[in-house]
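Number of protein chains: 2
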Amino acid sequence: MATARDVAELAGTSTAVVSYVFNNGPRNVAAATRERVLKAATELNYRPNVFARGLKAGQTRSTGLIVPDITNPFFAELARHVEEAAAERGNILLIADSAQSRDQEARHRRALFERRVDSVVMVSVSDAPDISDFVTAGIPVLSLQPVDDGVVASTVTINFEAAAATATRHLVDHGYRDLRIMLGPSDGVGLVRHRRGFEKVVSEAGATGGEWRSEISRFEASRVAQELLRAGDRPRAIYATTDEQAIGVLHAAYALGLRVPDDLAVIGLDGTKQGEVTIPPLTTVRQPLRAMAEEAMDLLADAHGEQHRVQSFTFEIRQSCGHH
Amino acid sequence: MATARDVAELAGTSTAVVSYVFNNGPRNVAAATRERVLKAATELNYRPNVFARGLKAGQTRSTGLIVPDITNPFFAELARHVEEAAAERGNILLIADSAQSRDQEARHRRALFERRVDSVVMVSVSDAPDISDFVTAGIPVLSLQPVDDGVVASTVTINFEAAAATATRHLVDHGYRDLRIMLGPSDGVGLVRHRRGFEKVVSEAGATGGEWRSEISRFEASRVAQELLRAGDRPRAIYATTDEQAIGVLHAAYALGLRVPDDLAVIGLDGTKQGEVTIPPLTTVRQPLRAMAEEAMDLLADAHGEQHRVQSFTFEIRQSCGHH
DNA sequence: CGGCCGCTGTGAGTCGCTTCATTTCTGTCT
DNA sequence: AGACAGAAATGAAGCGACTCACAGCGGCCG
Chain A
8 MATARDVAEL AGTSTAVVSY VFNNGPRNVA AATRERVLKA ATELNYRPNV
58 FARGLKAGQT RSTGLIVPDI TNPFFAELAR HVEEAAAERG NILLIADSAQ
108 SRDQEARHRR ALFERRVDSV VMVSVSDAPD ISDFVTAGIP VLSLQPVDDG
158 VVASTVTINF EAAAATATRH LVDHGYRDLR IMLGPSDGVG LVRHRRGFEK
208 VVSEAGATGG EWRSEISRFE ASRVAQELLR AGDRPRAIYA TTDEQAIGVL
258 HAAYALGLRV PDDLAVIGLD GTKQGEVTIP PLTTVRQPLR AMAEEAMDLL
308 ADAHGEQHRV QSFTFEIRQS CGHH
Chain B
8 MATARDVAEL AGTSTAVVSY VFNNGPRNVA AATRERVLKA ATELNYRPNV
58 FARGLKAGQT RSTGLIVPDI TNPFFAELAR HVEEAAAERG NILLIADSAQ
108 SRDQEARHRR ALFERRVDSV VMVSVSDAPD ISDFVTAGIP VLSLQPVDDG
158 VVASTVTINF EAAAATATRH LVDHGYRDLR IMLGPSDGVG LVRHRRGFEK
208 VVSEAGATGG EWRSEISRFE ASRVAQELLR AGDRPRAIYA TTDEQAIGVL
258 HAAYALGLRV PDDLAVIGLD GTKQGEVTIP PLTTVRQPLR AMAEEAMDLL
308 ADAHGEQHRV QSFTFEIRQS CGHH
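In the order they appear, the protein sequences are chains A and B. Note that the working numbering has the first sequence beginning at 8, numbered continuously upward. Note that the working numbering has the second sequence beginning at 8, numbered continuously upward.
Hints were generated in silico from the structure; no laboratory data involved. From the three backbone atoms N, C-alpha and C, an ideal C-beta is built for every residue, glycine too. Don't take each hint at face value.
[Said to hold, decoys possible] Cβ pair distances, simulated, as ranges: (1) Q107(B) <-> V317(A): 38 to 46 Å; (2) A135(A) <-> D270(B): 29 to 37 Å; (3) E313(B) <-> R297(A): 34 to 42 Å; (4) D309(B) <-> R241(A): 54 to 62 Å; (5) K46(A) <-> Q107(B): 28 to 36 Å.
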């Protein structure tokens, strides 16, 4: 493995110059010298050793991403966007999957910390993740989901209350009077906002509401929804706070022989691409992942204390809600 | 951030001893001293600097994983299993998503190389990825999909020819006589094996075969399948060489008003969990991801030259093929 | 009682890169 | 031509952990 010294020797110069060339500074290098160095580097297939660099410079040009469940396509898409945004800014992204487990998440936090990532983007399994290690080490953390007060992290999110209200209003406006909201398992701000948006619209419309909780997985959501739909007072419409759960609801309806949207309207939230090819295609509130990822990386790069940004969502009407 | 020197001072000893304690060797440390060191380390929240360690030791206890498309749940599940297998062996996993792009894949290979991963697990976008950097640097590479001759990498795969034959035979045995295979876009050994297994069974049975090609995405697969199904000589059964494509076929049928399995039987290959909640649930050949991940990490740890291991698949019969 | 062995502990060199202080070079102005 | 400013290049000092050669210290044997 070639080192900077090898390159320097071949180019007839010093390691300092090699470093300046590869980092575009902090000193200037004459064009001719730069050429020689680059040529020598190519010839030797030289790559700066990340460890030596990280050791000396104290920064690693890497960002960590923690997602609660990489098998959920929403988080997979999110990872892709964050990766791209990081790459555009010259950073590499370390993706860590918590597999829905708080312990795994904690393990990953420790691993990222030890690898001295410059910053962390996270969607935690919980609403109040312990990020004190990062905070005391001065590593900025940004959450792409609302977090409880007391968690010192910036956030980039959509307005979930408005999102829930939009979806619910759409259902109400099209005549549905018996609705349910399917919420996630944890009890934080996120849940509160979803519920508020839903209930406000329901009560204004004088409709019937009600909530169900499920783990964020299509499998659990299907199980829970089957219970719900088998019960006597089956609702006519369900708003699920994630697409993953909405897909479970679609399957539950299928399993029970109910037709969507004729017997049951379904709306999700997230806006993954796969909503286009569910059966039937899923009406959903789309989070602007690309823009959120960009803004996240920008905020982390500047890192002027805690920031909270709200991005706007779009409502994608497809067939599962019955009115397109 | 506390260093070994800080710990040593607090414990009244030298950095060498701190190192011996944290690595259990290579020198012995008296029990009393070890205690003092551990206590000091806890007090200072000391973590060995990964970069200093990696620089000196030349190994990083990290493995890279390159997948062609993390939004494909099969690869997401694969990533999770490989991550677990790596963690059990004390390694951390760096996940890289090629996003179906050869360029991205090349970029990730470079990034992993620079980060001096000890080994690489990959599923390439192509059948003959250029892994010469790793090879010349002595970093072992293992592919979880068959690769063309000339690629110096170990492999852990199932027998695709047998898998295709099993699925096809199931269709033939249940009376289907007009079949199609949906293959992926690239032209390597993988494709050849799938095709061979399919065609052998088709011709033995005197049935009608035929092949279609599609990108590995449910969206493209749906588009391609809609063309296929709209044509005059619509087949009665389709075997897709990935679940992702099979799901696209399911959607294509839905979009055209065909019922699965009554009008069209569908079988996939991969065996992701989500096949349980597709509409209808998907019959599929399951790859033993957990076992494959374990064996992959074991082979990479021992790294005795190129190895090729074949694992056994299972055939999961659900409703999409019409006979359960 | 001297010599030697084995067990602990220490100091310093090393990994490859970045960067600062310093030297060397180039070219312009008087 | 001499002086000098500014640019370019260099050498060397770290960054933090690992590890080797070596020193200190008992204890045991002859």
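Comparing the hints with the structure gives:
1. Q107(B) <-> V317(A): 38 to 46 Å: Roughly 32 Å apart at Cβ, these two residues miss the hinted range, so it is violated.
2. A135(A) <-> D270(B): 29 to 37 Å: violated, 51 Å
3. E313(B) <-> R297(A): 34 to 42 Å: With a Cβ separation near 41 Å, E313(B) and R297(A) satisfy 34 to 42 Å, so the hint holds.
4. D309(B) <-> R241(A): 54 to 62 Å: Holds - the Cβ-Cβ distance for D309(B) and R241(A), about 57 Å, lies within 54 to 62 Å.
5. K46(A) <-> Q107(B): 28 to 36 Å: Once the Cβ atoms are compared, 34 Å apart, the range 28 to 36 Å for Q107(B) and K46(A) holds.
Comparing the model with each numbered hint stated earlier shows that hints 1 and 2 do not hold.
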